[in-house]
Each structure stands twice: as C-alpha cells, then as structure tokens.
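Chemist: In order, the protein sequences belong to chains W and C. Going left to right, the first sequence walks through residues 1 to 424 as the numbering used here numbers them. Going left to right, the second sequence walks through residues 1001 to 1184 as the numbering used here numbers them.
Hints should not be assumed to be uniformly reliable.
Under the rule of at most 20 angstroms between Cα atoms (straight-line distance), these lysine to aspartate or glutamate pairs were calculated in the EDC-like manner [claimed, not checked]: (1) C:Lys1182 with C:Asp1102; (2) C:Lys1161 with W:Asp277; (3) C:Lys1112 with C:Asp1178; (4) C:Lys1166 with W:Asp304; (5) W:Lys38 with W:Glu420; (6) W:Lys353 with W:Asp304; (7) C:Lys1166 with W:Glu173; (8) C:Lys1103 with C:Glu1090; (9) C:Lys1112 with C:Asp1050; (10) C:Lys1087 with C:Glu1058; (11) C:Lys1049 with W:Asp186; (12) C:Lys1161 with W:Glu409; (13) C:Lys1133 with W:Asp277; (14) C:Lys1166 with C:Asp1102; (15) C:Lys1103 with C:Glu1140; (16) C:Lys1087 with C:Glu1140; (17) C:Lys1103 with W:Asp304; (18) C:Lys1049 with W:Asp277; (19) C:Lys1087 with C:Glu1136; (20) C:Lys1166 with C:Asp1108; (21) C:Lys1133 with C:Glu1091; (22) W:Lys29 with W:Glu7.
If you're looking for bench data, these hints aren't it; they were derived computationally from the structure. Since we're looking at a predicted model, the values are computed, not measured.
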Amino acid sequence: MASGPREKFDNPTIEWIDSRLPIFTMLNKEYGVFPTPKNFNYFWNFGAIAMFMLITMIVSGIILAMSYTAHVDYAFDSVERIMRDVNSGWLIRYIHMNGASFFFIAVFIHMFRSLYYGSYKQPREILWILGVVIFLLMMATAFMGYVLPWGQMSYWGATVITNLFSAIPFVGESIVTLLWGGFSVDNPTLNRFFALHYLMPFLICAVVFLHVWALHVTGSNNPAGIEPKTKKDTLPFHPYYTMKDTFGLLVFITIYAFFVFYAPDYLGHPDNYIPADPLVTPAHIVPEWYFLPFYAMLRAITFDIGIPFTDITIISAKLGGVITMFGSIALLFVLPWLDTHPIRSARYRPLFKTFLLIFVVNFVFLGYVGSQGADAMVGPIPLSLLGLLATGYYYGFFLAILPWLSKFEKGRDLPPSIHESVLD
Amino acid sequence: MATKTKTPKSNGKKGETRRDFLQLTAGAFGAVGAASVAWPLINSLNPAKDTLALATTEVDLSPLLVGQSITVMWRGKPVFIRRRSEKEIEEARDVDVAALSDKQTDEDRVQKPEWLVLVGICTHLGCVPTGQKSTEPRGEYGGWFCPCHGSHYDTSGRIRKGPAPKNLAVPDYVFTSDTAIKIG
Ligand code: HEM
Ligand code: FES
C-alpha cells in the first residue's frame, strides 16, 4: 500500500518496524493527516459506529459460541444456560441480541445519509455498491443468527424464509431440500446455519475493508455534496474527526446500553422463549423489526399475474412476492444509474428532498404493515392493500421519480466551495 | 508477442492460432475440473443417507373414531390423518372442480374416502395449518386454516382461498391392513 518515499519516525522502534512494514505510515496517511471535508454533520458518524458494532458482534458472538451447542436437542437449553449459569452470560447474550438491532439502526441511518447527500453518485458508485453487499451479508447473518436459539420464532422464521426459494420455477423444491439438508428445517439446517453464522461476519469484514479502501480513493462526500478544492475545505482526520466520531459513538453506546440493561427483550419477540415445535405454528409469525419493510413487500403481492381472460398463470402470487422483495434490494445496486442528476446533496434539490422524505415515511409505514397480521384492516380497507400501495411508491421512487427528476429538476445554485458554504 | 509467434493457423479462419486452441482447451478442462470438485461439496449439503433412511412411518388407525384426526411425524413434517364423516366427504365431492385454483377431484386425493392423509404443511410458506382439533379454526371451508397468511383449505385439503398456490400434498402411502398405513 504505502510504498515509495516515506517520512522517518523519531521513535526508533516504530521506525524499525515501519521501514520493514510501513504500517504506521499507512495509518498516519489514512487516519492521521487524511484530508476530510470540514463541514461534516453527525450523519457522518454512523460509518464508525457501524464498524464498532461489527467488532462488538464478533467479540460477543465468539464468546457465546464457546457455550452454545448447535443441536436441536440442546440449542434452546444451551442458550438458557448461558442466561442463567454462565458468568455474565446474560450480559453477553443481551449485548449480542440487541447489538444486532443497533447494528441495523446504525446502518439504516448510514444508508439514509448516503441517499440524502447523494453519496452514491459518480465517482462513488463502487463504494455504494460494496455498501449494499455488506447490507445483504448482514441480513443473511442476522437471519441465521436468529435461528440459533431454536425458539418458536427461530424455527418458523427459518421455515418461512427458506420456503421462499420453493417459489423458483422447476428447481425451487430441490433448492429448499439442499438448504435444509433434509425434508424440513431440522438438525442439519441448524448446524449449517451455525457454521455460516460464524463465517459471514468475517466476510463482512473483508467487504468493509474494500469499502473503506474505495472511500479512501475517492474521499468522503459531505453535506454540501461538492468536492473539496483547496486546503481551506478540509481538516486532518485526527484530531478533528477522531474526536467527533468518539463523541457520537459514546452517545450511541449510551442508548444501546440502556436497552441492554433496562429493555433487553423490548426489540425481540416473546415467542422465541418457547422451544421450537415443528407441530405448532405461532398464530402470528413476524421477523425481526429490521426485516419488516421487506417482509411487507413480500406479502404485498397476493394475486397471481397471468394472461388476462385465461387460466394461465405466469407469475404466481408466491413467486411475485419473492421477486418484489429481492427486487427491492436489487434496485439499490443500480441506484447510481437511476438518479443521474448532477447535483448530489438534497440541500440543493428541493423536489428530490421532498420525495426522499416521503420515501422514508413510506418505508417506515411498510415496516408497520409488515408487523401486522395478514388480514389486518384499517377501518374498511385491508392493510395489505395499503401495503401494496406503499410497495408501489417504493418502486416508483426508484424507477420513475428519480429518473424523471434527473431530467427535469432544476435545483438550487451550488455554493462555490465547501469553505464558503460553511460561512453562509 | 503475438506478432512473433509464427504458429500455423489451425484452420482457414483469420486470427485463430494454436495458442488460442490450447488456451480454450486448458480453460475448458479447468472449468470441468472446478465443477467436478464443486459438485460433491454442494451435494454434501443434500439429505444424508441416515436422514433418507428414516423416511417411512407406520401408523395404526384403529383408535380413530369418525370425525377425529391425528397428526404423526414423517420426515420431520406433520402428517394429518382425518377420518372423515359422511358430511365431510359429501362436501368435498360436491365441489365444481373447474372452479378450483388447483384442480383435483376428491377421488384423486384419497385411497379410501373415509381416510384423508395429507402433509400438514401449508403450500404457501410452510406453516402448519390449524384444524386438527375440532376446537381449532378450520377456515371457511371446514377443513384447515393457515394462520400465517390466511389460506383456507376444504375437507379434501384443497386450497380454496388465500395465497397458497397448491392443495395440501398427499404423501405416498399404502394400507398395510384395514386399519394401518405406511407413509413414504
Ligand atoms: C454481523 C455480525 C453478527 C450479527 C448481525 C449477528 C446476529 C445475531 C442474532 C440476531 C442472533 C440471535 C440472538 C437471539 O435472539 O438470541 C445471534 C445469535 C448468535 N450469534 Fe450472532 N451475529 C453476528 C456475529 C456473530 C459472530 C461473529 C459469532 C461467532 C461465532 C456469533 C455467534 C452467535 C451465537 C453462538 C448465537 C446464539 C446465541 C444466542 O442466541 O444468543 N455471531 N446472532
Ligand atoms: S404459510 Fe400458510 S398462508 Fe402463508
């Protein structure tokens, strides 16, 4: 990485190491003097916070794994044993359990920041795409983690989600059997989910490394959405942003700790304290809160799509729902080519800003729809119909509104430089 | 490089050299080799031999009275066995098959009209429908009801309303005597 001419360090030990492996030069270049736009707001804290959460999950997870048994007869009891008998086991488990939620909170805010300030735009497309990859890996990791305690929600969540793949024409059933390693979610499934749950966070680390690498090539975006031009526009990362990041992180950890100590089960579902029973489905299956908007999109499609006036179905309701759900994330990958407006920041794009804020409200509403039963009603209107409309807006935002705005939104005048944008 | 190699053209076409041929065959062999290593790794995830070996279940039907149901486990899944009443059989046969979304007559779904044997897994996303006990919700068609996303099944286990695409599956089974079956 940092090869070529190198400045000498005063400390002889550091100099000895650095002249052989220039790791201190690299650290100084990327995290010491690294020129960073000086107008960051607190939205720029969430990358560092997500990084902290990833490390927290890995450390707490590895310790849990030392007392956990991945077998259908013992998994539930081994988690209860962690809670009751293992020293501080309850603390470590609650750190891990709530940590998943707070990891998602950080990443959702981080992603919103990227949307609002146009951080996915040229030249940061690959940086953004790597972020979406991390998000996908996180979802897979959290899903498999939730199966491990082998409660009722673990079991039935795993059943419903793995069954999604049976919607794939022709090969669907074989894929599901392959995922299960049997004829239902059972011991082989639990075992492989544990193996993968252990592995995937390390894959996430690898992609995070690429993500940060890409970031350090293009440099950070900023609230004004214009590139730094002179030295006046930037500050060295240390001490300015190391301090700001640390402060934000401490606030975040305080809220996280509040949940761990005072409301550890608030974000979870009580049914997961009932051991898995393949013969009884809970009356109301819900995924973890961070999956709810996507779950709502899955359930929004309740009709077959076929050739009109015939009996022929091209896409069954089940396949339609699966395509809609996965499509909602696929859209994120192509976002840089859907929104090609030259202005990045929503600050200078009033129309984009309005539609984006509606998008956020709509996304939260989708989450609410996902949390309700399938036959819930709002007065005389079935909630699933509203879910379908909200799904329509989600898709419409990406496929119609953004391309349209790219062409027709005029936008405000951009400030001449970051420095001047801060002054007025 | 390419300009210096004077390898003869392998056929009349322009630009195709012996080197291209070697690269293509090497690539093809590499791909076949990689696939043949990948396959056993992937296939190891399929059901193992001992999992397959547990795949039949025998059930004694004699304790069941008319109108009663039992649930047995087969391959880790619930199997519903219902001893149907005359009324239930009649309801199942009194249906306009052409109007069903998964068209099957009741006759095709049973070996003996009194005994209905079904895999108790909703064909939507795999929940276990309720209705095995007479006190549980049985949906609008008197068979089973899936609480997960609201699928209604009739007294033949056919899907009548809701998101499930197919009728409840009928497993392979044989009557080993008048009052016993072997599933699988
Ligand atoms: C990306 C990072 C990770 C995420 C998002 C994540 C997520 C989760 C979730 C949601 C649960 C279920 C908690 C519950 O309801 O009880 C869980 C459980 C578990 N995880 Fe992780 N995890 C991560 C990393 C790890 C790592 C690196 C390990 C190391 C082996 C690990 C080991 C475990 C174990 C043993 C359990 C079962 C014990 C329990 O349920 O509390 N996790 N994980
Ligand atoms: S799983 Fe039965 S209706 Fe969805």
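Chemist: Against the 20 angstroms threshold, does the CA-CA distance of C:Lys1103 and W:Asp304 hold or violate the hint?
Modeler: Status holds; Cα separation ~16 angstroms.
Chemist: Does C:Lys1087 pair with C:Glu1140 here, judged by a C-alpha cut-off of 20 angstroms?
Modeler: holds, 15 angstroms
Chemist: Verify the proposed pairing of W:Lys29 with W:Glu7, using a straight-line Cα cut of 20 angstroms.
Modeler: holds, 11 angstroms
Chemist: Are the Cα atoms of W:Lys38 and W:Glu420 separated by 20 angstroms or less?
Modeler: Distance ~11 angstroms between W:Lys38 and W:Glu420 Cα, so the pair holds.
Chemist: So if I understand the rule, the pair passes when the alpha-carbon distance is 20 angstroms or less; does C:Lys1161 with W:Glu409 pass?
Modeler: violated, 46 angstroms
Chemist: Regarding the pair C:Lys1182 and C:Asp1102, is the alpha-carbon distance no greater than 20 angstroms?
Modeler: violated, 26 angstroms
Chemist: With the threshold set at 20 angstroms, check whether the alpha-carbon distance from C:Lys1133 to C:Glu1091 stays at or below it.
Modeler: holds, 19 angstroms
Chemist: Take the C-alpha atoms of C:Lys1112 and C:Asp1050, compute the straight-line distance between them, and say whether it is at most 20 angstroms.
Modeler: Not OK: C:Lys1112 and C:Asp1050 at ~32 angstroms, beyond 20 angstroms, violated.
Chemist: Could you grab the alpha-carbon distance between C:Lys1166 and C:Asp1108 and see if it respects the 20 angstroms cut-off?
Modeler: This hinted pair holds, its Cα atoms lying about 15 angstroms apart.
Chemist: Just to be careful, I want the Cα atoms of C:Lys1103 and C:Glu1140 compared with a cutoff of 20 angstroms; is the pair within it?
Modeler: holds, 19 angstroms
Chemist: Would the hint linking C:Lys1049 and W:Asp186 be met if the CA-CA limit is 20 angstroms?
Modeler: Holds, at about 15 angstroms.
Chemist: Given the hint that C:Lys1161 pairs with W:Asp277, test it: the Cα-Cα distance must not exceed 20 angstroms.
Modeler: violated, 26 angstroms
Going down the numbered hints, you'll see the structure goes against 1, 2, 6, 9, 10, 12, 18, while the others check out.
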